[in-house]
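**Student:** Sequence:
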Amino acid sequence: MGNKEDVKRSLDLDEPNEEPPPPYSEYTESTASNSLETSNGESSSSIAAHSDNIVDIPAHFSLYRSSHGLGHHFVIGGHRNKPVFAVTTHFGWMGMPDVVLHSGPTKDSPMLAGVNSDLFIRSTPVKLRLPGQPATDEHVQIAREGGAHRFIIDHGEPEGRTVYEWLPSLSPAVASVGGRTHWELVRYPEFHADQGKLVIAHWAFERGMSLSKELTFEFLDPSIQLTTGDAWAVMAMITALRIWDKTGKSVNNAGAQ
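If you read the sequence shown in UniProt numbering, its first letter stands for residue 1, the second for the next number, and so on.
Some hints here could point you the wrong way.
[Claimed, not checked] Ranges of calculated distance between the beta carbons of each label pair, as one might list FRET restraints:
| hint | residue 1 | residue 2 | range |
| --- | --- | --- | --- |
| 1 | Pro134 | Arg207 | 34 to 40 Å |
| 2 | Met94 | Pro168 | 27 to 33 Å |
| 3 | Pro168 | Thr106 | 30 to 36 Å |
| 4 | Pro222 | Phe120 | 36 to 42 Å |
| 5 | Asp118 | His60 | 25 to 31 Å |
| 6 | His72 | Gly208 | 17 to 23 Å |
| 7 | His79 | Pro222 | 14 to 20 Å |
| 8 | Ser212 | Gly92 | 22 to 28 Å |
| 9 | Asp52 | Leu198 | 28 to 34 Å |
| 10 | Val84 | Asp221 | 17 to 23 Å |
| 11 | Gly248 | Asp137 | 22 to 28 Å |
| 12 | His60 | Pro168 | 18 to 24 Å |
Read the hints as simulated data drawn from the structure, not as lab findings. The beta carbon of each residue, even a glycine, is placed where N, CA and C say it ideally should be.
Input sequences plus hints: build the corresponding full structure.
**Tutor:** This is how it looks when you write it as structure tokens:
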């Protein structure tokens, strides 16, 4: 997987917790949100169109505030001025998902994935519009404690159904000085959370550390070229963006009280 220690140092990550992720029983019974039905989230032609163009996903990228727009337009790439994907955030009354990952560098690019980021739900659908594939809805479960985000992708034979889960990681040393929270994406076979656990991606908040950068994200195996046709990779990105957007809403709500 390349030099993992160097990769981890690039985000100041701690070693992942060796305890397996919590079983499904620790999640509340999911009640899927109905706010991502076709009538809400695909009313705009800019996100309703389905792109057939497969785009490479960088192994390492950041989310930046766009130099264009009024605070709801962001870009993903190695540099703010060289975007690969656009990200837009919306309010519920706008008829779109709260967070939209676009398939290209502008906010007019078709939607690649979209999700709502309500604060108090335990399960929500993610709309996937992968190039050259049928439109699908995948579900993400949110843990009551800690906010871990879990989703399952069926890779077919021989891998089968695989669980992916974003887990928060914050060392006591970093926490004591108000440091950034990091998130690690672990992967393991369904029903075998104690076997083959592997950290395959991580990201960290950069808000407050940079004038334009919101977060930094890294897939940990640079030998594999991921694309927008890889469902798990797109799900990893959109769920990380959901955590980022949800955290921002929580901070804003706390400040308003």
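**Student:** His79 and Pro222, beta-carbon distance inside 14 to 20 Å?
**Tutor:** The hinted range 14 to 20 Å holds for His79 and Pro222, with Cβ atoms some 18 Å apart.
**Student:** Given the hint of 22 to 28 Å, is the C-beta distance from Gly248 to Asp137 inside that range or not?
**Tutor:** Holds, at about 24 Å.
**Student:** Assuming the hint says 27 to 33 Å, is it satisfied by the Cβ distance from Met94 to Pro168 or not?
**Tutor:** 29 Å, holds
**Student:** Between His72 and Gly208, is the Cβ distance one that fits in 17 to 23 Å?
**Tutor:** Between His72 and Gly208, where Cβ atoms are some 19 Å apart, the hint holds.
**Student:** How does the Cβ-Cβ distance of His60 and Pro168 compare with 18 to 24 Å: does it lie in that range?
**Tutor:** Roughly 20 Å apart at Cβ, these two residues keep to the hinted range, so it holds.
**Student:** Tell me if the beta carbons of Ser212 and Gly92 are separated by a distance inside 22 to 28 Å.
**Tutor:** 27 Å, holds
**Student:** Is the hinted range of 30 to 36 Å satisfied by the C-beta distance from Pro168 to Thr106?
**Tutor:** 32 Å, holds
**Student:** Does the hinted range 25 to 31 Å hold for Asp118 and His60 at CB?
**Tutor:** The hint (25 to 31 Å, Cβ to Cβ) holds, given that Asp118 and His60 are roughly 30 Å apart.
**Student:** Range first: 36 to 42 Å. Now tell me if the beta carbons of Pro222 and Phe120 are that far apart.
**Tutor:** The hint (36 to 42 Å, Cβ to Cβ) holds, given that Pro222 and Phe120 are roughly 38 Å apart.
**Student:** Range first: 17 to 23 Å. Now tell me if the beta carbons of Val84 and Asp221 are that far apart.
**Tutor:** 19 Å, holds
**Student:** Could you say whether the range 28 to 34 Å given as a hint is met by the Cβ separation of Asp52 and Leu198?
**Tutor:** 32 Å, holds
**Student:** Hint says 34 to 40 Å; check whether the CB-CB distance for Pro134 and Arg207 agrees.
**Tutor:** Between Pro134 and Arg207, where Cβ atoms are some 36 Å apart, the hint holds.
The structure meets every hint from the earlier list without exception.
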